[in-house]
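Student: Letter by letter, the chains look like this.
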Amino acid sequence: MINNEEITTNGSIFPLGWLDSLRVFFIEVGEISRFTLRFFKEVFIPRYEFKALVKQSYIIGYKSLPLIAITGLIIGLVLTIQARPTMAQFGAESWIPSMVSISIIREMGPVMVAVIFAGKVGSGIGAELASMKVTEQIDAMEVSGINPFKYLVVTRVMATTLMLPMLVTAADAISLVGAYVGVNLKGSISFHLFFLQVFSNLSFSDVIPAIIKTFFFGFSIGIVSCYKGYNANRGTEGVGEAANSAVVIGSLLVFIIDMIAVQLTSLIY
Amino acid sequence: MGIPLVEIEHLSKSFGSNRVLEDINLQLDPGENLVVFGKSGSGKSVLIKCLVGLMQPDGGCVKLFGEDIARLKTAELNVLRKKVGFLFQSAALYDSMTVRENLEFPLRDMKARSIADVEGLVKESLRNVGLEEAIDKMPSELSGGMIKRVGLARTLIMKPEIILYDEPTTGLDPITSREISQLIVDIQKKYNTAAIIITHDVACAKITSNRMLIIKDGVINATGTYAELSVSENEWIHSFFI
Ligand SMILES: Nc1ncnc2c1ncn2[C@@H]1O[C@H](COP(=O)(O)OP(=O)(O)OP(=O)(O)O)[C@@H](O)[C@H]1O
Ligand SMILES: [Mg+2]
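So the protein sequences, as listed, match chains A and B.
No gaps in the numbering here: position 206 of the first sequence is 206 in my numbering, and each next residue is one more.
No gaps in the numbering here: position 190 of the second sequence is 190 in my numbering, and each next residue is one more.
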């Protein structure tokens, strides 16, 4: 309510119409691009905050592992169970392992994990940086001559970019185990045979692009949540808002990047 | 007396249509405790944020140690910032770190400091504010007064030449307020620092000030010592002191 008023008194006497929303949107896009540029400028100049990077990777990566593992297991299990009736109609039950594994590795693994990651890690980063911002902790760093962007933002964005691909890889592996269990619920196939079928149909053109896109997922989740936290408004309300929009925009970006990635890979292969 | 440590000329700052500072002129001499007095919302915090480059003024000039901060590169400004201590209104302790880590954090850029050195500095700094036993606590475990003191210890650890206090006593009981005010005077004596103290606490001003300024409507409305201002004929000024 207050926010709305501020914007309208700045601009026109009309209430916030679609034109204003559009303007706000483009300003935001511009600001995020500037933020991203600043990241690339600062990531290469020393000093490197190596210790903080390790700590963030631990928090962002390792601590997300249980959640990601459960997600992965369920995806594998559910996909297999859902695929069975249709495949059975065509008498193609023996194709279940390879079909399910391809859909996990190409699409379900990366996207589902990234969205969960945006929810857990994105909101965490957004809220943490926003509360540091509104309680003047970021200002305090700045006045003591320490570059808060480097210490807080660069380390977190690097950590999300490096950790998400690892988490996706782990989730893919666990998903395949889930799929194996799913196949064995109604039928029986040996562990060996299952993975033989999986890998005989899996090619590098399935794996590599899927892994590459997760770096972009991780990067954009990191950038957006840091941007939202770092530029939070004054007051505690800003903290919730930052966390919320970090998740919303982060997840949305995952789908948008995924769409672009799919188009690109289908062009190449 | 040497060059002024801080010189502010014709500083102005607005937020949208809200003109907070119109035309501020002030100077801080070595060894001096300058109290800036003013009502809530008169722009005192904005003023000292402009002083260290946390906010960009719309007009006017801010000189730290004789150098115009608007002309400095970030790296050069950071060198000056290390000589200026800033105690935030909320103390701004890093709440993911222990008291010890909070104090060590500003030292991390200093080269060739041995671990024993850092340890010694942390302890000395905490001793100065009388909080040695809190060294391994988290900020969330401290009371408001303790938080202010740790904030002060973190400011002192850099051995600043200028200290900026943003409402050091606000939100504290009168006794703790007096202790903090006394601490400010002790630090001035012990380390021969100069300070700008922002406050609307008369008792604090009385104990700490060598000179006072009163901000009203974005300009310096009155200046003088505590003794002079407290007997002012001007009703508005007088109203602060009753
Ligand atoms: N970042 C900002 N954006 C917009 N307005 C601001 C900002 N910072 C301060 N203001 C406005 O500037 C004015 C002065 O604020 P400031 O925090 O300097 O007051 P103050 O004198 O320190 O008051 P207090 O004693 O309550 O701390 C207020 O009207 C506030 O709304
Ligand atoms: Mg203030």
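Derived by calculation from the structure, the hints in this document are not laboratory data.
Hints may contain errors.
Here are the simulated DSSO-like cross-link-like pairs (lysine-lysine), alpha carbons at most 27 Å apart as the crow flies [what the hints assert, rightly or not]: (1) K190/B - K51/A; (2) K83/B - K150/A; (3) K150/A - K51/A; (4) K63/B - K73/B; (5) K159/B - K150/A.
Student: Next step is simple, just say for each hint if it's right about the structure.
Tutor: Cross-check of the supplied hints:
1. A C-alpha spacing of about 36 Å is found between K190/B and K51/A, which places the hinted pair above 27 Å, so the restraint is violated.
2. At roughly 21 Å between alpha-carbon atoms, K83/B and K150/A fall within 27 Å of each other, so this suggested pair holds.
3. Using a Cα cut-off of 27 Å, the hinted pair K150/A and K51/A holds, with the two alpha carbons roughly 12 Å apart.
4. The suggested pairing of K63/B with K73/B holds, with an alpha-carbon distance near 14 Å, which does not exceed 27 Å.
5. Taken as a hint, the K159/B and K150/A pair is honoured in the structure, with Cα atoms around 25 Å apart against an allowance of 27 Å.
Taken one by one, the earlier hints fail for this structure only at number 1.
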